[in-house]
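Asker: Read off the chains here:
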Amino acid sequence: MIKKYLYVIVLIIVMLVITSLSYTYYINVKDYNVNLDTDLYQVQTELAFNGVVYDHLSPYYDSNKNAYIVNLYDETAVNFIGNISLDLFFEVPIASKMRFQLNQSYELTRYYQNAEQTVISEIIYQETIDDSYHPFSLLKKGSFTEALYHSDFYTYAYETYMPGQTYELNIISGGFTYPAKDNSLYYETAYLYLDFRFEFVQANRFSQVWQVDPLLLS
Amino acid sequence: MKKYILVMVVFLLLLSMTMTIVYGWFTYVQRKSVSTFTSNDIDVIIYLNEDLAVETMDLSNLAFVDFEDDILNDTNHALNDVAEVMSFEMILSGNSPVSKSLITLDIYDTTHPLIYMIITDPAIVDYHSYLASLINPLDTKENILTQIDAHNQTQIDTLNQEIMLPGETQQFKVVVWGDYDALSEPKDIENYQTTLAVQFKVVNAYGDVS
Chain A
1 MIKKYLYVIV LIIVMLVITS LSYTYYINVK DYNVNLDTDL YQVQTELAFN
51 GVVYDHLSPY YDSNKNAYIV NLYDETAVNF IGNISLDLFF EVPIASKMRF
101 QLNQSYELTR YYQNAEQTVI SEIIYQETID DSYHPFSLLK KGSFTEALYH
151 SDFYTYAYET YMPGQTYELN IISGGFTYPA KDNSLYYETA YLYLDFRFEF
201 VQANRFSQVW QVDPLLLS
Chain B
1001 MKKYILVMVV FLLLLSMTMT IVYGWFTYVQ RKSVSTFTSN DIDVIIYLNE
1051 DLAVETMDLS NLAFVDFEDD ILNDTNHALN DVAEVMSFEM ILSGNSPVSK
1101 SLITLDIYDT THPLIYMIIT DPAIVDYHSY LASLINPLDT KENILTQIDA
1151 HNQTQIDTLN QEIMLPGETQ QFKVVVWGDY DALSEPKDIE NYQTTLAVQF
1201 KVVNAYGDVS
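Protein chains in written order, with our numbering: chain A, 1 to 218; chain B, 1001 to 1210.
Simulated from the structure, these hints should not be mistaken for lab results.
Being a predicted model, the structure only gives us computed values, none of them experimental.
Where is the CB? At the ideal position from N, CA and C, for every residue including glycine.
Quick look at which bits of chain B chain A covers, simulated, 3 or more residues with Cβ under 8 Å:
no. : segment
1   : 1042 to 1049
2   : 1064 to 1073
3   : 1080 to 1093
4   : 1194 to 1205
When the alpha-carbon atoms are kept at most 16 Å apart in a straight line, the in silico EDC-like pairs for lysine to aspartate or glutamate are as follows:
no. : chain 1 : residue 1 : chain 2 : residue 2
5   : A       : Lys30     : B       : Asp1043
6   : B       : Lys1201   : B       : Glu1089
7   : B       : Lys1201   : B       : Asp1041
8   : B       : Lys1141   : B       : Asp1066
9   : A       : Lys30     : B       : Glu1055
10  : B       : Lys1187   : A       : Asp37
11  : B       : Lys1201   : A       : Asp31
12  : A       : Lys30     : B       : Glu1089
13  : A       : Lys30     : B       : Asp1106
Calculated from the model, a selection of chain B residues having no Cβ within reach of chain A, i.e. all distances over 10 Å:
no. : residue
14  : Ser1129
15  : Ile1135
16  : Gln1153
17  : Gln1171
With the sequences and hints as input, model every part of the structure.
Answerer: Put into structure tokens, the structure is as follows:
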């Protein structure tokens, strides 16, 4: 009698084991959650003379004019134009377009060596030198040259910048010396007051946001 | 002795019935051999954008677009570039039985402003052209979104009907944009967040995955 029950119990156990095993063998479920959100632009500019970065607190920044002071005539000056470089570092959260504007004011001052010690200052116009220089500027282009200079005075990068990588663009690298005069009647100083503006916009909205032709960068 | 034989017969009978019933739960095919029970576990590896998938993943490149300018006309030729692309790859291990899957996608935010497109052909990278081939651009926005949903369901059905041999790979992409007009006020795109839940349920090829 006991044996009979034993058989039945064993049978039930075997059935249960087979049932559970067969279930685990034949199904596999994996669940994943993908969080979708937006991110911010990471942008940094570095203006340097001889490779040393100077910020808004440096002696080469005029906080009244909100511009860097660049010496155009004295090759021995730290902030001499030949020593300047401007680099842009950035990461974009979505495919983006970039444009920039270099705001430049060339100021020439003439000190007369007369009894009155007359001083005359004027803003001078700068012609475009050639393609290796920024338009209407003594500043030489850096390694970044794939750009379009537009009539709105902005320079537009052709490239569409993609997320997931860090970009480094060398915008300015050196410049042309201004031939300041020094004679028995007077001597001159020449400075450039330089400010810059970089703008980014998601690539699918650049023509609407910047009010330019959608085919401008094609 | 007779009793012993009788018990054994009953045992074997019940055992075979059990196997048939269990087997029936997953295949609905009655002729399958009992050797099915000796096959290995179904094992799959899932990759998202070439990284091994983990329980929770973050993608922070969602771009909001204008329905007419971008989705329909792609005025700035940038709809492809700003797409948030999720490339899923499911690899069935070499030891697994022939299998098939039930893939489901759910967005937690039921009033979400997302427009998404499921693509099973990995060769397709021009999403705007592909999208244009699915819709009637002269239709209303509501109808166009319905056309996209219908396409997505077709793609999911295709995936779910696909039989995978051991070692085979199943791929599909989910291409997502945010619809700026559909974003609820205040339109705070910088802080917008939602979650897409993806489930892969894999069973042996003749099983029931519903």
